Amino acid sequence: MKYYWVFLLLMTSGQLSAQKYFTRSGDISFFSQTPMENIEAHNYKATCVIDTETSRIQWAVLIKAFQFEKALMQEHFNENYMESSKYPKSTFEGALPGLSDLDLSKDGDHNLMAKGDLTIHGVTRTIETPVMLTVKGGALSGSTNFEVAVADYNIEVPSVVRENIAKVVQVTVSADFDELK
Amino acid sequence: MTKNAIIGLLMILSFTKFTYAQEDLISLLGEEERTDYTIATFKANRVINLQSVENTAGGVLDVKINHRFGFINTGIDEFFGLDQAQVRIGADYGITDQLMVGLGRSSFQKVVDGFLKYKLLRQSTGSKEMPVTLALLGTTALQTGEYPNQEIDYEFKHRLFYTAQLIVGRKFSESLSLQLSPTYVHRNLVRTNEESNGIVACGFAGRMKLTKRTSLNAEYIYVLPDQIDEQQFNNSFSIGFDIETGGHVFQLHFTNSTSMIEKGFIGETRGDFFEGDIHFGFNISRVFTLKR
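Chains as they are written, first to last, in the working numbering: chain A, 28 to 208; chain B, 30 to 321.
Derived from the structure by calculation, the hints contain no laboratory data.
Everything numeric in this text was worked out from a predicted model, so none of it was measured.
For glycine and all other residues, C-beta sits at the position ideal for the given N, C-alpha and C.
Take these hints with a grain of salt, some might be off.
Unchecked claim - Just the calculated beta-carbon pair ranges, DEER-fashion:
no., chain 1, residue 1, chain 2, residue 2, range
1, A, G165, B, L145, 48 to 58 Å
2, A, S170, B, E158, 31 to 41 Å
3, B, I94, A, E96, 17 to 27 Å
Unchecked claim - No more than 20 Å apart at the CA atoms, straight line, and that leaves these computed lysine to aspartate or glutamate pairs for EDC-like:
no., chain 1, residue 1, chain 2, residue 2
4, A, K142, A, D179
5, A, K91, B, E203
6, A, K72, B, E62
7, A, K208, B, E61
8, B, K148, B, E158
9, A, K116, B, E203
10, B, K320, A, E64
11, A, K113, B, E203
12, A, K116, A, E174
13, A, K91, A, E106
14, A, K116, A, E102
Stated by the list, open to error - Which chain B residues face chain A? A few, computed with CB under 8 Å, are given here:
no., residue
15, I55
16, L58
17, K241
18, T274
19, T318
Using the sequences and the hints given, assemble the complete structure.
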């Protein structure tokens, strides 16, 4: 009977570690709109882990994996603006308060506020953004969008292209999550 | 004993649980296998006259206007060379990201030239390591002007020139890139018996980034001895700047070569750089994305 405790502990700890969700194929895109031109780039390889027990969430995005319509834009994005060899990743580390109270076993939409540290181009700033989490047929997905001011992250835009690049860029995030076992 | 074991197990388990709460969540996914390809070893697909290891991306048209003024040492009468000009108008197109073609017409010697460049290897780190980028270049030039001696029966083949070049380049750091270009030029017709039809040469080129959008470039082409008339011809040396502004790259430079194609600047550079036979010149490149 002494072993009963061990079994109980093993089972609960096993269950706890299963309360994490992840993706390796999160879709992060940004959109820069000016009267001169619109610039759009997609990254379909963003990684994220959500811990439903602690309500923590973490994202990591490889800058070089952003795809542009124009090859030269992609090169300039990496070389001149984001300096991706110096700062290869952007990250978000934060929390989704209230997540641990949700019953994710039932279908439904949940509106939460994500709050945490967004790091782009080596600069970290605290942001807050509304997140929509959806459970459908046992599968978890989520989406959000927020604005990023280019100057906030020390990304220099030279005067010749100032008319072509928006001062504030729209970022859209969506992902389907799998259970992390 | 069993009791101790159970207590130990309990401690380990509780410790595991504790670390879980603190851990880096992303690290749970493990390191992904990926290859990181080096980009922008050079800003343009030419260093100055020499082809660089860079290719025009697939579906992109790159229109090039290359310009060389006269020799600076012609003095005030020729406004230090600015009264004269040679131009090559051309266009490059990326068939794929690896294969590009180019066509051009030079006013100097009235030459039409075409080339194919294929990127064989790409410098990379990560799961696939490659120390250098390697490209192959093949060019053909057709001299359309009048034949030099009207009394000789020339054939069409006498107008043709060929170049084969291997381009090995490496981006050593964010600012420094170097490349080596072993080259073979074949001329179907040469002026004198002393000159050989084939020329073996090696180009050395480099670039140093000065700011994010400007770089200092230099190139030198060493022609192995006893192949060209060394009384008349010199090795090509060029130095200049790349300035990048969005879709344009401006290359401003000083060079002793008048021609802007391989057979010319490798085998027929008349200027002596250190005597002041220097052309001021520029290459302008404007890209258009045709296929997305």
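Structure-based check of each hint:
For G165 of chain A and L145 of chain B, the hinted distance range of 48 to 58 Å is satisfied, since their beta carbons lie about 55 Å from each other. Take S170 of chain A and E158 of chain B: their Cβ atoms lie about 38 Å apart, and the range 31 to 41 Å holds. For the pair I94 of chain B and E96 of chain A, the supplied restraint of 17 to 27 Å holds, since their beta-carbon distance comes to about 25 Å. Straight-line distance between C-alpha atoms of K142 of chain A and D179 of chain A comes to about 17 Å, which keeps the hinted pair within the 20 Å bound.
Of the supplied pair hints, the one linking K91 of chain A and E203 of chain B holds, its CA atoms being roughly 15 Å apart against a limit of 20 Å. The suggested pairing of K72 of chain A with E62 of chain B holds, with an alpha-carbon distance near 13 Å, which does not exceed 20 Å. Annotation: proposed proximity of K208 of chain A to E61 of chain B holds, straight-line Cα distance about 17 Å (limit 20 Å). Distance restraint check for K148 of chain B and E158 of chain B: the Cα-Cα separation of roughly 16 Å lies within the 20 Å cut-off, and the hinted pair is therefore satisfied.
For the hint pairing K116 of chain A with E203 of chain B, the CA-to-CA distance comes to about 17 Å; that is within 20 Å, so the pair holds. A C-alpha spacing of about 17 Å is found between K320 of chain B and E64 of chain A, which places the hinted pair at or below 20 Å, so the restraint holds. Restraint check for K113 of chain A and E203 of chain B: satisfied, since their Cα atoms lie roughly 9 Å apart, inside the 20 Å limit. About 18 Å separates the Cα atoms of K116 of chain A and E174 of chain A, which keeps this hinted pair within 20 Å; it holds.
Taken as a hint, the K91 of chain A and E106 of chain A pair is honoured in the structure, with Cα atoms around 10 Å apart against an allowance of 20 Å. Annotation: proposed proximity of K116 of chain A to E102 of chain A holds, straight-line Cα distance about 16 Å (limit 20 Å). Here the hint on I55 of chain B is kept, as its CB sits about 5 Å from the closest CB of chain A, short of 8 Å. The beta carbon of L58 of chain B is positioned within 8 Å of a beta carbon in chain A (closest approach about 6 Å), and the interface hint is therefore held.
About 5 Å separates the beta-carbon of K241 of chain B from the nearest beta-carbon of chain A, less than 8 Å, and the hint is met. This hint holds: T274 of chain B has a C-beta 5 Å from the nearest C-beta of chain A, less than the 8 Å allowed. About 5 Å separates the beta-carbon of T318 of chain B from the nearest beta-carbon of chain A, less than 8 Å, and the hint is met.
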